[in-house]
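Number of protein chains: 2
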Amino acid sequence: MKEQKVKPSILPGFMELLPKDQILFNKMMDTIRRNYEKYGFVPLDTPLIEKSEVLLAKGGGETEKQIYRFTKGDTDLSLRFDLTVPLARYVAQHFSELNFPFRRYHIGKVYRGERNQKGRFREFYQCDIDIIGNGKLSIINDAEIPSIIYSTFKDLGFEDFTIHINNRKILNGFFESVKVDKKIEVLRIIDKLEKIGYDAVIKELEEIGIEKDSIERIMEFIGIKGSNDDILLKLKELNIENEQFLLGLDELNKVVHYIRCFNVPEKNFIIDLTIARGLDYYTGTVYETILNNYPQIGSVCSGGRYDNLAEFYTDQKLPGVGISIGLTRLFYQLREAEIIGENASSTLSEVLLIPMGETLDYSIEVANSLRNEGIVCEIYYEDAKIGKKFAYADKLNIPYVILIGEDELQRKMVSLKNMSTGAQNIIEISEAAETIKNRL
Amino acid sequence: MKEQKVKPSILPGFMELLPKDQILFNKMMDTIRRNYEKYGFVPLDTPLIEKSEVLLAKGGGETEKQIYRFTKGDTDLSLRFDLTVPLARYVAQHFSELNFPFRRYHIGKVYRGERNQKGRFREFYQCDIDIIGNGKLSIINDAEIPSIIYSTFKDLGFEDFTIHINNRKILNGFFESVKVDKKIEVLRIIDKLEKIGYDAVIKELEEIGIEKDSIERIMEFIGIKGSNDDILLKLKELNIENEQFLLGLDELNKVVHYIRCFNVPEKNFIIDLTIARGLDYYTGTVYETILNNYPQIGSVCSGGRYDNLAEFYTDQKLPGVGISIGLTRLFYQLREAEIIGENASSTLSEVLLIPMGETLDYSIEVANSLRNEGIVCEIYYEDAKIGKKFAYADKLNIPYVILIGEDELQRKMVSLKNMSTGAQNIIEISEAAETIKNRL
Chain A
1 MKEQKVKPSI
11 LPGFMELLPK
21 DQILFNKMMD
31 TIRRNYEKYG
41 FVPLDTPLIE
51 KSEVLLAKGG
61 GETEKQIYRF
71 TKGDTDLSLR
81 FDLTVPLARY
91 VAQHFSELNF
101 PFRRYHIGKV
111 YRGERNQKGR
121 FREFYQCDID
131 IIGNGKLSII
141 NDAEIPSIIY
151 STFKDLGFED
161 FTIHINNRKI
171 LNGFFESVKV
181 DKKIEVLRII
191 DKLEKIGYDA
201 VIKELEEIGI
211 EKDSIERIME
221 FIGIKGSNDD
231 ILLKLKELNI
241 ENEQFLLGLD
251 ELNKVVHYIR
261 CFNVPEKNFI
271 IDLTIARGLD
281 YYTGTVYETI
291 LNNYPQIGSV
301 CSGGRYDNLA
311 EFYTDQKLPG
321 VGISIGLTRL
331 FYQLREAEII
341 GENASSTLSE
351 VLLIPMGETL
361 DYSIEVANSL
371 RNEGIVCEIY
381 YEDAKIGKKF
391 AYADKLNIPY
401 VILIGEDELQ
411 RKMVSLKNMS
421 TGAQNIIEIS
431 EAAETIKNRL
Chain B
1001 MKEQKVKPSI
1011 LPGFMELLPK
1021 DQILFNKMMD
1031 TIRRNYEKYG
1041 FVPLDTPLIE
1051 KSEVLLAKGG
1061 GETEKQIYRF
1071 TKGDTDLSLR
1081 FDLTVPLARY
1091 VAQHFSELNF
1101 PFRRYHIGKV
1111 YRGERNQKGR
1121 FREFYQCDID
1131 IIGNGKLSII
1141 NDAEIPSIIY
1151 STFKDLGFED
1161 FTIHINNRKI
1171 LNGFFESVKV
1181 DKKIEVLRII
1191 DKLEKIGYDA
1201 VIKELEEIGI
1211 EKDSIERIME
1221 FIGIKGSNDD
1231 ILLKLKELNI
1241 ENEQFLLGLD
1251 ELNKVVHYIR
1261 CFNVPEKNFI
1271 IDLTIARGLD
1281 YYTGTVYETI
1291 LNNYPQIGSV
1301 CSGGRYDNLA
1311 EFYTDQKLPG
1321 VGISIGLTRL
1331 FYQLREAEII
1341 GENASSTLSE
1351 VLLIPMGETL
1361 DYSIEVANSL
1371 RNEGIVCEIY
1381 YEDAKIGKKF
1391 AYADKLNIPY
1401 VILIGEDELQ
1411 RKMVSLKNMS
1421 TGAQNIIEIS
1431 EAAETIKNRL
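Chains A and B, in that order, are what the protein sequence lines are. Going by this note's numbering, the first residue of the first sequence is number 1, and it counts up by one from there. Going by this note's numbering, the first residue of the second sequence is number 1001, and it counts up by one from there.
Among the hints, erroneous ones may be present.
[Said to hold, decoys possible] Straight line, CA to CA, 20 Å or less: simulated PhoX-like cross-link-like pairs of lysine-lysine:
id: 1; chain 1: A; residue 1: LYS65; chain 2: B; residue 2: LYS1072
id: 2; chain 1: A; residue 1: LYS51; chain 2: B; residue 2: LYS1154
id: 3; chain 1: A; residue 1: LYS58; chain 2: B; residue 2: LYS1005
Just so you know, the hints here were simulated from the structure itself, not pulled from any lab data.
Chain A on its own, in the form it takes in the complex (with noise of 0.2 Å):
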């Protein structure tokens, strides 16, 4: 009697990858962690589950019926839907244990029941950044981050990218100077602009009853463009003298200078008073980036400043500035659209060695030499026949193939194959190994 089987499959909206795009977005996921080690973060990893009572605290929202919630026994349980809120409840719970200001970076996955859509995704990675300060926390690291940014997405290989950079208090400032006092859903409305368009926008500031008059201050103040220092100039010059306004006209100034400090180029950042990341979160600095030739991807890294990091959990005020890549997303949108995933290969090894006849001690030899010099290899163990062998390492892509026959072992030496040029040469295996690790 034959067993009924289980149709193996996964949900919608979770992402697993083959092991060549798997070999890929780990390349990613190290270079971001490279890049956060740099600058001096330290990694931390929270659970997963964590109590629905402290993950929920704050409440409320669309957060709330995206959750993954559940009982286990008589506890109420929920994976965590972001890494800010158990950064939160983590510093808020080791303070006394923690050195100020403190700089962590986690890269972890989160949880959100999103609609089931393409490219959506339930199950997926963020790649945060945070410093807390304790009490207080300079400016100077507003300019940091996008040193940070530069310097990561530099080496994730792009080169055309722009840091869109603004102030909540600038655009607060502004918004009381004109009298308009529904900030939140003018900054909402605003911060569509790029998605809907001019006219929308008046359109939308007109429904929720925004006077004539300030729509046109509003539209002139987010239409100011030009270099930073042309930005930067013109905020001055509309002489408003809100504090708000001028205390994060100020904290712009100091972020622009010091970033020309950090050697982040010109071209890479730009004032951007259209952005106000969301609504009730960031008080000062925000921050998106874009891939200028694929701006349908959205911002691919983004945060801002906030004021009080956890005040759920605690009296102690903790101000902080950080940042956040979400990698699934955005390793699936670059591989939809090819920016990245040519050639890959679906192995880590750089030479595959295919005993022939009584070799095989000799070639575990030979194998234990390259791996000590660092070489990533396998053997091929199998029965079969030479040209399955080969197929091996053709469908893996393994650059090299070493092969080893009776007369390899007599002379103590090996083949190396050249797989990509198909140059083959019996060599020394020290200088199959040099050739091997010089191929770059």
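For this one, chain A is given, so just place chain B on it according to the hints.
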């Protein structure tokens, strides 16, 4: 009115580390990964949440009770409880897109609702490798595995550990030869030898009705000791004509031969006829790894050979061999025993830059240079007394401080202070970079 705060805490049975320990933990994980990659294994990453129907295809047993299982909408979901079932599902699902033998590693979190107990975790990392064959898989793979265990634990800093090796076919064949048909029960009892001792094993064998003669032969068999060659010889001299037994003995002879080819020192592996590794999964070679100075930790790396990875999902016959390191538990035990963690640092930063006076622009220039040299550094931006800045470096265990005052700025140099010796010198930036890089 003051808001009610939520007490920041995590669930019992979940491990969360302070930066100092997290850095150590990640170093261990990196070491394991590097070794797995060196042997040509490719990375895999599967969803943490799967369909319950798929994850529990095998069904039954302790595991099912411990599982985190819940519904979202009308979908029955479970968190993975190991990395083997997801591998089986993955290989069955992607069978036609994979190349065999398929060598994969997977480092990820798994979930088990264990009884709440010190040293038991409900969320823990497993670090697995498996080699999966299509239809068949050479026995040489079974000999390569100990070489990977050896290389990994050596890199983790251990010297005195032993890989215990056995073969289930030898056990099965032996039991057949002594006409014991309660193999599973007998194996389970023998597996406890280390824990409960000889007398208790005999007692338990009597209790399940094994005859006195058979018990004597069993105890004689599992009492076979000596060097690896001694044991192989004694097994041969038992003159057991059982087919399974002879097949297993032949496999074990080959495995020992090739382990030696892989240069695993004789003192680091031993044939141990008492280990069986679970009851119904393994079918050939089995492994356990013991840290000889800390036997109480139990096996730190275990696994073995199985005939059929994915029988619940596919008719394809997929034999494999693999091992797993339970990293969370291992880390916890090593940390508790104070084997690791001494002089651990709370940062990855190699140097803290402290600007004094109006030298921030220049300080950032210095940081740029150091980071270009691959040095991990951070700048202390906050407004604070110099003592507090040094205290920060001290608490984090940052090995160097660079002081940059007006004098250093004028001379385009830096003051480099070694935090352990207290020595301080005004030197060129490049010299400082060299000193920091060469400190080890």
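Broken hints, numbered, in rising order? Hint 2 contradicted; others consistent.
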